[in-house]
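J.: So the protein sequences, as listed, match chains A and B. Heads up: the first sequence begins at 1 in our numbering, then just goes up one per residue. Heads up: the second sequence begins at 174 in our numbering, then just goes up one per residue.
The hints are simulated quantities; they were obtained by calculation from the structure and are not laboratory data. Glycine residues also receive a C-beta, built at the ideal position from the N, C-alpha and C atoms. One thing to keep in mind: the hints can contain errors.
Stated by the list, open to error - To be clear about the criterion: a stretch of chain B counts as covered by chain A if any three or more of its residues have a C-beta under 8 Å from a C-beta of chain A, and this derived list gives those stretches:
(1) 198-209
(2) 224-235
As the list claims (entries may be wrong) - One side only, chain B facing chain A, incomplete, derived with CB under 10 Å:
(3) Trp185
(4) Leu187
(5) Gly188
(6) Arg218
Chain residues, written in single-letter form:
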Amino acid sequence: MPNLREIDTQCAASLGLAPPNPRLAEENVRGYVVFLSAHFQGFCRDLYAESAQVLVARVRRSLQLVFQAQFIAQHALDHGNPNLQNLKRDFSRFGFNLELATDPANTIRLQHLAALNEWRNIAAHHGVVPAGGLPSVATLRDWWNSCDGLATAQDRIMYNELRRLLRRQPWPP
Amino acid sequence: MATRADREKQSWNLGDRVRLRYSNWVGRIVEFRGPLGPGGAQIYRIEVESDPEPIYTEVREDQLIRLPLEK
């Protein structure tokens, strides 16, 4: 993820400027937040699309378009934040509940995701920064790690669910 | 030197008019989604002309039939 690393480096550098430039630092933090959220959203969209195409490939060719269109109709991740509600809503179309919260390791990750989405809206809509101030680079890195962990967990859940449905590996493990 | 992925991508452009196989749906390519299909097949997001609002779908390259550009 070179782009995320670059913005991480830029953000850390702008926070360490002497003399400090608070406005530049704030803009970089806002950019980091939006970019991280978009990156995670992109992963979720791709996993959803890949899973849908694997299933569609098992349908008669003349019917595939019907299923492809239905998978995309009202797709929350196309426009909404990648929050737990939207993830569960979209992935429920595969016929199961995306139970990320049942894994204790995901508890803190989901809290981080909720915080990331809250800050994403503040950053993207130029909302007022709460009294506690902007998230630090260390916090943003924690959120990044949590997104990585949730991405791995989602990928594992989808792999297992699709393998159960298809009775074969959906993609190389 | 173009990679295989580059060459595949170059065969279609954003905005290309297409018809979708096994249907009378006509639309435009609005996004390259990447190699997300089975076996790494390229997936394209298509905006299908429809009333009152367009329909979106995501299909493999082998489901696309190129149409001439409108004049």
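J.: All hints are to be evaluated individually against the structure, with a verdict given for each.
T.: Tested hints:
Under the rule that three or more residues need a Cβ within less than 8 Å of chain A, the assignment of the segment 198-209 of chain B holds, with 4 such residues. Under a criterion of three residues with beta carbons nearer than 8 Å to beta carbons of chain A, the stated coverage of the segment 224-235 of chain B is upheld, 6 such residues being counted. Given hint, tryptophan 185 (chain B) at the interface with chain A, is violated; its Cβ is 17 Å from that chain's nearest Cβ, farther than 10 Å. Given the 10 Å rule on beta carbons, the hint for leucine 187 (chain B) is violated: about 17 Å separates it from the nearest Cβ of chain A.
Among the interface hints, the one on glycine 188 (chain B) is violated; its C-beta lies about 19 Å from the nearest C-beta in chain A, farther than the 10 Å criterion. With its C-beta approaching chain A no nearer than about 8 Å, arginine 218 (chain B) sits inside the 10 Å limit, and its interface hint holds.
Figure legend: structure checked against the earlier numbered hints; hints not met, in rising order: 3, 4 and 5.
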